[in-house]
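K.L.:
We have chain A already, so just place chains B, C and D on it with the hints.
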Amino acid sequence: MSQGGLLVVRGLSVAFKTQKGTVQAIDGIDLDLNENETLAIVGESGCGKSVLGHAIMRLLDDIAVVRGSVLFRDKEVYEMETTALLNLRGGLISLVPQSPSSSFNPVIKIGKQIEELIEKAGKEKGIGARKRAVEYLSMAGFSQPEQIYESYPHRLSGGMCERALIAMALSVEPELVIADEPTKGLDALSRKNILGMLHKLAKDASMIMITHDLKAAETCGRIAVMYSGEIVEEGPTGIVLNNPRHVYTKGLIDAQPSRGMKPIKGRHNLFSHNALGCRFKERCDAASSECSNHPLLNIVEDCRKVRCCHA
Amino acid sequence: MKKPGSRTAYILGKLARYCIAISLILTINFFLPRMMPGDPVINLLGEDARNANHFDKNVIAELHKYYGLDKPLHIQYINYLFSIKDNNLGYSIHKKLSVAELIGESFYWTLALLLPSTILGALMALIFGSISGFRQGQLGDISLSIIFVLIFTCPCFLFAILTISIFGFRLGWFPLSGFSSGPSSGLNPLFDIIWHLTLPVIVLSLANAAYIFFIVRNMIAQTMSEYFIFVAKSKGISERAIIFNHVLRNVMPPFISIIALELGFMVSGALIVEIVFSLNGMGTLIYDAMITRDFPVIQGVFLIVTIFVLAANFFADLLYGIADPRIGDAASSINM
Amino acid sequence: MLELVEISKEFRTGFLGKNVKQAVLDATLCVDRGEIVGLIGESGCGKSTLGRIAVKLLMPSSGRIILDGVDVTDMPEKRFREFRRQVQIIFQHPETALDPQYTLLESILESFNKIGIPESEQKDMLLDISEEVNLPLDIIDRHPNQVSGGEIQRAVLTRVFAFEPKYLILDEPTSMLDVSVQAHILQLLKKKAKQDNVGMLFISHDLEVIRAMCDRVAVMKEGRILEEGDTSKMFLSPKSGYMKQLLVNSD
Amino acid sequence: MQRAASICEVLKNMEIIERKWFRSLNIGRFTEQIPFSPIKTIGISILIALVFIAIAAPYIAPHDPEKTGIPYQSPSTDHFLGTNDLGQDIFSELLYASRTSLVVGFLAAIISIVIGVSVGLMAGYYRGWVGELLMGMTDVFLLIPGLPLMIILAAYLSPSMWNIIPVIGLLWWCSTARVVHSRVLQVREMQFIESTRALGYSDSYILHKHVLANTKEVIYAKFSLAVASAMLAEASLSFLGLGDPLNISWGEMIHFAFTRGGFANDMWWWYLPPGLMICITVLAFVLITMESRKESRLVELI
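Protein chains in written order, with the numbering used here: chain A, 1 to 311; chain B, 1 to 336; chain C, 1 to 251; chain D, 1 to 302.
Isolated chain A, as found in the complex:
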């Protein structure tokens, strides 16, 4: 059965076995992404948002136990042959990795690393690949792309590495970009530049932006809020942020400095991922006896889903 979407995730769960016991990093995620759609996945550290991004590309270690299905263009990612998988990664799906300064191999020139990806994806060869790499570097806002092409990663600042990474990820014209915390650790000035540039370069592709920054999430069309390995609220960004239905989403919005820095009570820990019932109930003021049943991600309005029995 064809669902039509670019990416269809059904019941995706990832568990890590640690010495202290199993941690359910993500649990039963359902996600749909259409072509040319941008989706922000928002959540705080430890909610499993990065794991989700890696799980979509089948990039998790052997210690992770993955269940569920990821369909990319109706093909099951977890049943692919090695060659098909290698074509998928860095061909159809590109990852903009998390920490810019340690993402490049320190002994290889930036340009060569971009070229490596372009040649691997079969877009161009030789001189053509070089041209393309330089072209994308200049599109990423470098005024002297040739110079960046020839430099080694340690000579670039964090923000410059981030831009080079984005240029690299998009140089193969992927159908889906997964940007993992593209604004982490950047100051206000660069943040806006980076986001603008990312959207500009990815205008022909779909994008999943994983972030903890609601400001960055605002630039995406749709938003999914994650808590303890689950999606707790999903919908069009404007509507969700203006009228949040889940208590946690509300809390996140109100905790922003511009909205009065109201803290959410209690604290989150990794092992509440395994808790029974609503995982947020300990921290929720509206919690009642109903909340000891695990709530489902219900559709509340058109194209909006909330995982809360009070919503």
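Keep in mind the hints are simulated off the structure, nothing from the lab.
Among these hints, one or two may not hold up.
Chain C side only, calculated, beta carbon under 7 Å to chain A, not exhaustive [unchecked claim]:
no., residue
1, Q187
2, A212
3, D215
4, L247
5, N249
As a list, the in silico BS3-like pairs of lysine-lysine whose alpha-carbon atoms are at most 25 Å apart [as the list claims (entries may be wrong)]:
no., chain 1, residue 1, chain 2, residue 2
6, B, K71, A, K120
7, D, K216, C, K114
8, C, K192, A, K265
9, A, K131, A, K109
10, C, K244, A, K192
11, A, K250, C, K191
12, C, K114, D, K209
13, C, K221, A, K192
14, B, K233, A, K184
15, A, K123, A, K109
16, A, K123, B, K233
17, B, K14, A, K17
18, A, K192, C, K233
19, A, K262, C, K194
20, A, K75, B, K233
21, C, K192, A, K192
22, A, K215, C, K244
23, C, K123, A, K184
24, C, K221, C, K233
25, B, K95, A, K112
Just so you know, even glycine gets a beta-carbon here, dropped at the ideal spot from N, CA and C.
P.N.:
Structure of chains B, C and D alone, referenced to chain A:
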């Protein structure tokens, strides 16, 4: 953009260290016979001098004069430096030959042992270390690690003695000693030498591979856990390409300099292996000299060996400076 | 009043200090008790260097540090130690903020011992402060790598509050934390400033945090302080072009 | 209501604190660290056994190792490992030799560690020209091949254990200094060093309590490896005939076996047991380090 540092500064800094090291060695070599307990003449000429002269005071005084020991120390030092420059390392009364000649003969034999063992040892360490590093925790890694730990714990000379007694004595596959069976045996001389060198080279290269094996294994494992390897995976690059283009490329520069640093150990090992296998290299030379207290020879060998090791290290540093782009840049970034 | 008067700082690196890097140039700034002063600028503008100079972790190349009317700039370290209690600093990265060898409790006790609080009173003091900073006591015997960043920053606050500092330098204390945790800690700091009359220098690149926290703001670029003024004024009608640019970009 | 609940919780937690309180003030913390892995336990057991043999040698040894008798005997019930060229009992000699080998190994390692750690700490903590100078010196020493230098020093000095120990110790510190230095540089970058200084603690306190504490794992591991290396170096020197003739070590036993016909006559019971003892001892020290040096840190260690 951070400023690129200068590679020349790096090389000059290194060069300064080598100059200091060489002058240190020369100084040690100069002062030891003069400062150590005992008559400096004896220390300079070896115990044979004492026997030959029967403690004749006049002769000793003459020798003092002949060797310039009555002059002030700094003049002696300058004379000493000039004599080194002229390739004059002293005279062995015991062997009735100049030390430079003695060393000149044996140096090539030591090289004949050292070079193949270094290359072989480095290759073994690189190959097995990589296998072990990539498959960390798996059966292959564990068995390789156990084998190399055992070799590591075994002193070089014992390892040599054991191989000789098993493969030479009991099985008789290889000759017991020497570099060749002599011209009369009718064997092809090159083949003969190779046949004689097989055991010593295997012993030496294994012993040294054991040192480097663990370093390589862990460099590989560490590089594999770096974030940029994960990024490379996310780019969809095949495992083979990741190993060769990313991991090994990062491991090579430190590997080169480790090989060079290990050369000091290699030389020590070679000296000992030579003694056990009775090969006429510098090891046997120094061993014989030690037994007969032939100090000039000991000193000469020490000087030559050290300079050889220093030269090799300098070469490796140059290579490293070319291979690793980060060289020289470290100092220019300030932590704000 | 903690005054930094015409502070300059240059770093010399390379052979014989050939490469000179001017980190701070003629920066003048003062923090009064009970007020929170913000210091904004992009990364590498020298704001962290200025913060470190204020607690004399770095010596300024020129300029004076005046603490409640006493010039402490050239005061020898031994005599300065009594002033150390009065000015404290909190850093950005929680993961290295505490010694990984010791538990949170041990690190906190280290500061108690420094002040010379007798052992019999340490427990009460710990209970007091940990309630104030909302540090959960059940994690206090863990090592820093076993707790979250927010919890470490709370432990750091406990450590620092024990000194009853008059001035506090905050070097991006929450930029590595999640929003909800950040909100907790910022509220806490704000309350502390007003309640105990602590003067704070809040260094950050996040305009919103500065806007929400500070009474006064200074903008720094390439080692110079470009502009300084009341928060509301600065955010509504900035004079310097740089501040305008920052404001436009932050929306 | 909420106030009461919080007090309740505080009381519950008091107990935990009280317990930890004791621990933090006692040295008990040391023992509660990571339990020993099996590999480490094997290493430590071997070591304890060896130390026991060394101490109790006079009581276990069946013969006086100095007493001469019929030379070149094969192993028998009276002489487990036969006799040497002077008719001395090899088994007893083997037991006594453990003393020399262990003492030389330990003392030389202590010397090298003390020098190496001080140089490394100093160079790492006081950067600038002090550090440059110290590390430059270390690099210079690291370049000089160890064994030839040891040979030449030992050749001039009279062959005595007390000369060999400082010679080995003085030549082994450079790699320790290197490792400690790089670790200290790492620790220095961490912010808690600065915050401790901001609390008003002096440099010497920070060096001792924080920098050293964060370097100790590396130092332990390096010490263990240094003992192993020192023993191997001693064995090599002794094998070359530079050992102490009054205090026979394992290396020296092999030397005598090699020079006095043990090897030529294929008397494996003469040269093999001391060799095995060296292997086992070195192995014990290597096994001890196996765990405490974490995987990522191995690179710097060997």
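K.L.:
Of the numbered hints stated previously, which ones are contradicted by the structure, given in increasing order?
P.N.:
When the structure is compared with the hints, numbers 3, 4, 6, 17, 21, 23, 25 turn out to be violated.
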